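Protein chains in written order, with my numbering: chain A, 423 to 557; chain B, 423 to 557; chain C, 79 to 483; chain D, 79 to 483.
What the hints contain is simulated information worked out from the structure, not anything from laboratory work. Remember, it's a predicted structure, so these values are computed and weren't measured experimentally. Just to be clear, a hint being listed does not mean it is correct.
[Said to hold, decoys possible] Below, a list of computed lysine to any residue pairs in the SDA-like style, where the Cα atoms sit at most 25 angstroms apart:
no.: 1; chain 1: B; residue 1: K551; chain 2: C; residue 2: T162
no.: 2; chain 1: C; residue 1: K148; chain 2: D; residue 2: Q94
no.: 3; chain 1: A; residue 1: K431; chain 2: A; residue 2: I531
no.: 4; chain 1: B; residue 1: K543; chain 2: C; residue 2: N145
no.: 5; chain 1: A; residue 1: K465; chain 2: C; residue 2: E418
no.: 6; chain 1: A; residue 1: K532; chain 2: C; residue 2: E418
no.: 7; chain 1: A; residue 1: K532; chain 2: A; residue 2: Q483
no.: 8; chain 1: D; residue 1: K333; chain 2: C; residue 2: N99
no.: 9; chain 1: A; residue 1: K465; chain 2: D; residue 2: A479
no.: 10; chain 1: C; residue 1: K235; chain 2: C; residue 2: K399
no.: 11; chain 1: C; residue 1: K148; chain 2: B; residue 2: L530
no.: 12; chain 1: D; residue 1: K126; chain 2: C; residue 2: N99
no.: 13; chain 1: B; residue 1: K532; chain 2: D; residue 2: Y368
no.: 14; chain 1: C; residue 1: K399; chain 2: A; residue 2: N472
no.: 15; chain 1: B; residue 1: K532; chain 2: D; residue 2: G483
no.: 16; chain 1: B; residue 1: K551; chain 2: C; residue 2: E151
no.: 17; chain 1: A; residue 1: K465; chain 2: A; residue 2: Q440
no.: 18; chain 1: C; residue 1: K126; chain 2: D; residue 2: Y368
no.: 19; chain 1: D; residue 1: K289; chain 2: D; residue 2: A347
no.: 20; chain 1: D; residue 1: K289; chain 2: D; residue 2: A154
no.: 21; chain 1: B; residue 1: K543; chain 2: C; residue 2: D344
no.: 22; chain 1: C; residue 1: K333; chain 2: D; residue 2: V159
no.: 23; chain 1: D; residue 1: K333; chain 2: C; residue 2: N451
no.: 24; chain 1: A; residue 1: K460; chain 2: C; residue 2: M445
no.: 25; chain 1: B; residue 1: K511; chain 2: B; residue 2: S437
no.: 26; chain 1: C; residue 1: K416; chain 2: A; residue 2: Q451
no.: 27; chain 1: C; residue 1: K126; chain 2: D; residue 2: R469
no.: 28; chain 1: A; residue 1: K450; chain 2: C; residue 2: N476
no.: 29; chain 1: D; residue 1: K333; chain 2: C; residue 2: V218
no.: 30; chain 1: A; residue 1: K460; chain 2: C; residue 2: K416
no.: 31; chain 1: B; residue 1: K431; chain 2: D; residue 2: R469
no.: 32; chain 1: A; residue 1: K460; chain 2: C; residue 2: L291
no.: 33; chain 1: B; residue 1: K543; chain 2: B; residue 2: D520
no.: 34; chain 1: B; residue 1: K465; chain 2: D; residue 2: S417
no.: 35; chain 1: D; residue 1: K148; chain 2: A; residue 2: K460
no.: 36; chain 1: C; residue 1: K333; chain 2: B; residue 2: K511
no.: 37; chain 1: D; residue 1: K333; chain 2: C; residue 2: A209
no.: 38; chain 1: B; residue 1: K460; chain 2: D; residue 2: N213
no.: 39; chain 1: D; residue 1: K215; chain 2: C; residue 2: K416
no.: 40; chain 1: C; residue 1: K399; chain 2: A; residue 2: R443
Residue-level listing of the chains:
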Amino acid sequence: MTYQEIHDKLSNTASWQQSYREIMLLGKQLPTLPDVLKTEQAKVTGCESNVWLHIELDEQQQNLLLVGDSDTRIVKGLLAIVLAMYSGKTPTEAKQIDAYQEFESLGLIKHLSPSRGNGIKAIVETIQKQIAQLT
Amino acid sequence: MTYQEIHDKLSNTASWQQSYREIMLLGKQLPTLPDVLKTEQAKVTGCESNVWLHIELDEQQQNLLLVGDSDTRIVKGLLAIVLAMYSGKTPTEAKQIDAYQEFESLGLIKHLSPSRGNGIKAIVETIQKQIAQLT
Amino acid sequence: MSDIAQLRNDFPALDQHIEGNPLVYLDSGATSQKPQTVIDEINRFYAKNNANVHRGLHTLSEQATLNYEKVREKIANFLSVNATEIVWTSGATESINLVAAGLTQHLLQDDIILITALEHHANIVPWQQLAQRTNAKLEVIPVNAQGVIDTAQAINKIAQLQPKVFACSHASNTLGNIQEVEKLIAKAKEFGAVTLIDGAQAFLHLRPNLKALDCDFYVLSAHKALGPTGLGVLYGKYDLLNSLPVYQTGGEMIKQVSFEETTFRDAPAKFEPGTPNISAVLGFGAALDYLSTIDFATMHHYEQSLFKYLVKQLSQIEGIKLYGDLENNIGTVSFTYKSEHHYDFAMLLNSYGIAVRSGHHCTQPLMQTLNLNGTIRVSLAFYNNKTDIDRFIDALHNCIALIEG
Amino acid sequence: MSDIAQLRNDFPALDQHIEGNPLVYLDSGATSQKPQTVIDEINRFYAKNNANVHRGLHTLSEQATLNYEKVREKIANFLSVNATEIVWTSGATESINLVAAGLTQHLLQDDIILITALEHHANIVPWQQLAQRTNAKLEVIPVNAQGVIDTAQAINKIAQLQPKVFACSHASNTLGNIQEVEKLIAKAKEFGAVTLIDGAQAFLHLRPNLKALDCDFYVLSAHKALGPTGLGVLYGKYDLLNSLPVYQTGGEMIKQVSFEETTFRDAPAKFEPGTPNISAVLGFGAALDYLSTIDFATMHHYEQSLFKYLVKQLSQIEGIKLYGDLENNIGTVSFTYKSEHHYDFAMLLNSYGIAVRSGHHCTQPLMQTLNLNGTIRVSLAFYNNKTDIDRFIDALHNCIALIEG
Ligand SMILES: Cc1ncc(COP(=O)(O)O)c(C=O)c1O
Ligand SMILES: Cc1ncc(COP(=O)(O)O)c(C=O)c1O
């Protein structure tokens, strides 16, 4: 699903329960990461649940390839949203992304409270840091 | 001054200031203890100020003789009241004395709050303990 | 039961909506709610009586001191001990740390410190640190696959290991189990062990008589027992307590200070340096007064019947697995649903206004033993009611549907 | 000045009568009064938001955590440091104890710990204990007969002794003196000393910029700065702070616990085991917000002019002797009257509604140096006014008449 499709879906939810349902569905669509990729190094620290994340550039070294996983449904869904935001972007484009503002416009900002322990902040920071290193 | 005279004086005070004046006057009338009697052993613990106290029986071994001193005027005055209560009494009579109730009837009970640090409670307890040992 | 049901109205925080739903507070194990009288007392102190204690002769200070010391008597009466045996600390955690630090000289290499497998980190790590300092050994009484300690087995273990120190929770924060501490203490004392009971969870629900328990130390936190945050109690049998070396040092706890030498006062003053948490002590006094108005047998019966109802409802849901001792319990239950993550349940339940706790509950070793990464924990108090449980169970069904859907 | 004079109305406890007289509160050095906004915030927390922090995913817990962590940022901003450099403790006393305990491995036999002759017991005894543990030496920068530290002499002493640890109060609780800590810190750092400044008295009156002071540690108590009891702040330069070993252990401060091994989180979490004093942190946040609305220069000028007025009035009374530095002062003055006992004055003044402190003020060594058994101490804050001072001086004249009569 493209980020635009996600945006349209989530902007129309009527209740928290419905948006959780959509988020969890997004998570379900995200492929499970093979165990060999669930390395300590790929782990994003600062999440209450386990989150693994890999970022690379495609063969032409132009567009970002992101894969990730989490052991909880909700965080995996939120992760799917983040991955959709960044996937296929060039590093320069990716640097422009204000993930927080996107979550705000999705009506999900409440989920991103640091004390929720979902680590979205940590995920976004990890991505931005790795992009900076890639370029 | 006898305890009765003290009682009459203090029962007629119109203000805290006036009763403090009377208390301090009582203190002034209490002879200063010679330094040799201001021993560590004679010190009453539990007072914010220094209080020294000696209790004996007279030669006929019948009536209590009490002397004491304090380095503060107010505590010395309160001490004078306690000494007047007990002086000349037989140990048996002394055991009957409810110093707290006396202070209550003098309108001074507020002064005896343990947190005032004047140690009247400690003084009275010391007297009662020593009387018990004398007999 | 009708009287008890009214008490809920004394707790203002319970009367609110979360995400459009009435709040269902099932996280009393983390911290209890406070009755209005406690809030009022804190208010009164700051608005009318605010002063430091033990330091001033003026009226405000004197009143604050009197009231402050009265609460020490109140908690002492509550626990059936003497006021001089009560030390105010910043929490159960500090209480345990104070004792563990104080026992350093008490231990020799290879001496045994015995705890259990279901302790809170606060009743593990200070002992682990003590063991490291002294080269003593930390040993552990196991739990079974349900998370329950077999008392007979535990007694054997005590007899076999002959610990110098025995520390055990009165009730488990994760599972709610009530340990048979009286028997364990008696056995540990046969071998001269110093015994410490962590009553952080038990105090509110069991109102222990410490004379009867006969432990050397007992600790609790005011905030888990209707009182304010930042206050703990350490009870210690006087002579043993007073024999511990000073812990933190500073004002108030000293007899005499010079640059060459300092002498200290006797317990409890010796362990209370600096300005104490005066407003919390007064607030806790109001909490104890409040508790005193509730007949214990009535409260206990009410809590137990709520708990039984909760367990029954949960047991009927397919896929739910319950842990812990469901018979001897303060009213706390931990569960999992299939292999689902506790995080998702906690988040989803919250969207229905249900406040539960999820995770390892500061009992990671217990989680390792039970082979779990965490549980969903529901913890009750007497201000909960059947409606709370019904709302929770309804929401839980919905959450399962959301997750399975 | 008119604006400042209005602030008094924000402090409900000031508006009462003692023994029939209006309360004149001149004991802010013991503890400050609290503005209504602080009381309201504590109220709000318990009545609406009560929950534990860092532990729950539910809304109440999440809000409590957010608000709690925001206050860490507030105090960090206030002190011009980073939020990660702020540790919440139970008071200035605990803050100093934490550092003194943490420096145990830092010291070798005969190393020097340097303090001053006017420190509060809380900034003496923990260092004395540290010296005893490590066989280090406790050395003291003297004061003159007035109770004042000569900065040049102090600097010489630092150069001569080359201390490993230097601890000094920013302002004296007994005398109000402001020490020239910036210069002393700079000199001590030349020799690589670890520096700790006790800001318990200074914080409210001086609002220090710790980046500018450049000390390693700074401590304060919330209750002396319009905040609630039971809360202290420890600031530490991050790397040094984080290099200190863990102090108390328990929940929340750990990364991973097993019975074999425990790993700890980084500072500040590492030093904050157990449930913190949440309501006090939130109340202190309200105190900082309140302070932020008061222009510092205006407040300082007002306090200083009150102090000058107080000193002038006191100086005119025959038989009164003033101590301390009357130029560089936070607004606290200690005095004696002839050879009269401070106790009598405190008691008599109280009967006029005047709340002062008397005694050794937890500075026994300073009293020994000044050859006193105690003083009467008047300590001001910005909520005092000229009328307070006039009432106090009037009452003092009456007390003298009573005593001399
Ligand atoms: C200069 C100084 N340092 C330390 C302290 C100790 O503060 P607390 O009692 O709040 O821990 C005080 C309090 O009187 C003080 O005035
Ligand atoms: C069994 C048990 N012990 C100790 C503690 C620590 O209490 P506090 O965090 O109030 O210090 C807790 C709190 O969760 C607990 O449940």
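We went through each hint and held it up to the structure:
no.: 1; hint: B/K551 <-> C/T162; result: holds, 21 angstroms
no.: 2; hint: C/K148 <-> D/Q94; result: holds, 24 angstroms
no.: 3; hint: A/K431 <-> A/I531; result: holds, 16 angstroms
no.: 4; hint: B/K543 <-> C/N145; result: holds, 18 angstroms
no.: 5; hint: A/K465 <-> C/E418; result: holds, 20 angstroms
no.: 6; hint: A/K532 <-> C/E418; result: holds, 23 angstroms
no.: 7; hint: A/K532 <-> A/Q483; result: violated, 35 angstroms
no.: 8; hint: D/K333 <-> C/N99; result: violated, 35 angstroms
no.: 9; hint: A/K465 <-> D/A479; result: violated, 78 angstroms
no.: 10; hint: C/K235 <-> C/K399; result: violated, 29 angstroms
no.: 11; hint: C/K148 <-> B/L530; result: holds, 21 angstroms
no.: 12; hint: D/K126 <-> C/N99; result: holds, 15 angstroms
no.: 13; hint: B/K532 <-> D/Y368; result: violated, 37 angstroms
no.: 14; hint: C/K399 <-> A/N472; result: holds, 22 angstroms
no.: 15; hint: B/K532 <-> D/G483; result: holds, 24 angstroms
no.: 16; hint: B/K551 <-> C/E151; result: holds, 24 angstroms
no.: 17; hint: A/K465 <-> A/Q440; result: violated, 29 angstroms
no.: 18; hint: C/K126 <-> D/Y368; result: holds, 20 angstroms
no.: 19; hint: D/K289 <-> D/A347; result: holds, 22 angstroms
no.: 20; hint: D/K289 <-> D/A154; result: holds, 11 angstroms
no.: 21; hint: B/K543 <-> C/D344; result: holds, 19 angstroms
no.: 22; hint: C/K333 <-> D/V159; result: violated, 37 angstroms
no.: 23; hint: D/K333 <-> C/N451; result: holds, 14 angstroms
no.: 24; hint: A/K460 <-> C/M445; result: holds, 22 angstroms
no.: 25; hint: B/K511 <-> B/S437; result: violated, 31 angstroms
no.: 26; hint: C/K416 <-> A/Q451; result: holds, 21 angstroms
no.: 27; hint: C/K126 <-> D/R469; result: holds, 20 angstroms
no.: 28; hint: A/K450 <-> C/N476; result: holds, 19 angstroms
no.: 29; hint: D/K333 <-> C/V218; result: holds, 21 angstroms
no.: 30; hint: A/K460 <-> C/K416; result: holds, 22 angstroms
no.: 31; hint: B/K431 <-> D/R469; result: violated, 29 angstroms
no.: 32; hint: A/K460 <-> C/L291; result: violated, 50 angstroms
no.: 33; hint: B/K543 <-> B/D520; result: holds, 11 angstroms
no.: 34; hint: B/K465 <-> D/S417; result: holds, 21 angstroms
no.: 35; hint: D/K148 <-> A/K460; result: violated, 34 angstroms
no.: 36; hint: C/K333 <-> B/K511; result: violated, 36 angstroms
no.: 37; hint: D/K333 <-> C/A209; result: holds, 19 angstroms
no.: 38; hint: B/K460 <-> D/N213; result: violated, 38 angstroms
no.: 39; hint: D/K215 <-> C/K416; result: violated, 62 angstroms
no.: 40; hint: C/K399 <-> A/R443; result: holds, 24 angstroms
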